[in-house]
Amino acid sequence: MSLSDRFKNKIRNWLSGVGPYFRSAVTEQILLRQEIDALRDRMRAATPDNPALAGHKIYSQTDEDGIIAEIVRRIGPGGRRFVEIGCGNGTENNTHALLLDGWRGTWIDGGRDKIDHIASWIPLESARLHVLHSFVTRDNAAELVTSAMARQAVTELDLLSLDIDGNDLHVLQRIVSVVRPRAIIVEYNGKFPPPISLTIAYNPAHTWGVDDYHGASLQAFVDGLPGYRLVACNLSGANAFFVRDDLAGAFTSYPVEQLYQPARTHLIHIRFGPPPSLKFLRDLLRNES
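When you number the sequence shown by this note's numbering, it's gap-free, plus one each residue, and the end is 289.
Zero decoy hints are in this set.
In silico DMTMM-like links for lysine to aspartate or glutamate, alpha-carbon gap of 25 Å or less:
| # | residue 1 | residue 2 |
| --- | --- | --- |
| 1 | 57 | 101 |
| 2 | 114 | 288 |
| 3 | 114 | 125 |
| 4 | 57 | 283 |
| 5 | 191 | 28 |
| 6 | 114 | 143 |
| 7 | 114 | 211 |
With beta-carbon atoms standing in for the labels, derived distance ranges:
| # | residue 1 | residue 2 | range |
| --- | --- | --- | --- |
| 8 | 127 | 155 | 13 to 21 Å |
| 9 | 120 | 210 | 22 to 30 Å |
| 10 | 223 | 252 | 19 to 27 Å |
| 11 | 38 | 273 | 17 to 25 Å |
| 12 | 210 | 262 | 12 to 20 Å |
| 13 | 208 | 249 | 35 to 43 Å |
| 14 | 288 | 120 | 15 to 23 Å |
The set of hints was computed from the structure by calculation and includes no laboratory data.
Small disclaimer: the values here were computed from a predicted structure and weren't measured.
Beta carbons: idealized from backbone N, C-alpha and C, even for Gly.
Please model the entire structure based on the sequences and the hints provided.
Dropping the structure here:
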């Protein structure tokens, strides 16, 4: 019997001794990890220099933390300054891990309950992080970002992350008309593969109706962001990663059809350790005060 077979038998024997609910949860995690491994094998064969191959989760929703780290490794960290629009309640977003690694930046979210949760754990204003409650629109987006940069006393933004479940492309185009971040992460609508180019009609009051009418397709972002190159999409088909053209030499140029990942929302159920919290960030900010 091979080592792999003996391991599988141990898993089966162990699962047979636990309750059905726990057994189902463990089985789900095993299957999700197997699916991720298989997807990475396919990605490695088709796009061997894809930054998404380095994907892993710390505080991101799925594998974004590892992709960000790989992109930063290739282009350099710059001043290590970010703005994240659509930060959620802080426990699961694209920049929490960066804060713990020495970055500084601004979190912005339109959900009062999300900001209140953050405020219950950490100060909304500190030297490392400023947290702002604001519903972001095409009209105020650029000013919010430039104000965040002024607060950080920087003239260049190293990373912009945007996830507002609606007017993402409209808002992003307004931001990059004023500020040219070195790298951009944006949520795309993974339902629509290239070359389909779609975006919702701009509506400053838009809120997501929990249906397929949200955001923009990957092709729409590629077409709508001149001066930026798409370098990766994460496995769950949620986030696209762009770098500024002057930094794109660190990446192999692949067609958008090869980098595209379809929506796999079930992958958000993958677990890496206990539930996330703001406690490590709380301790870090407390020690700096």
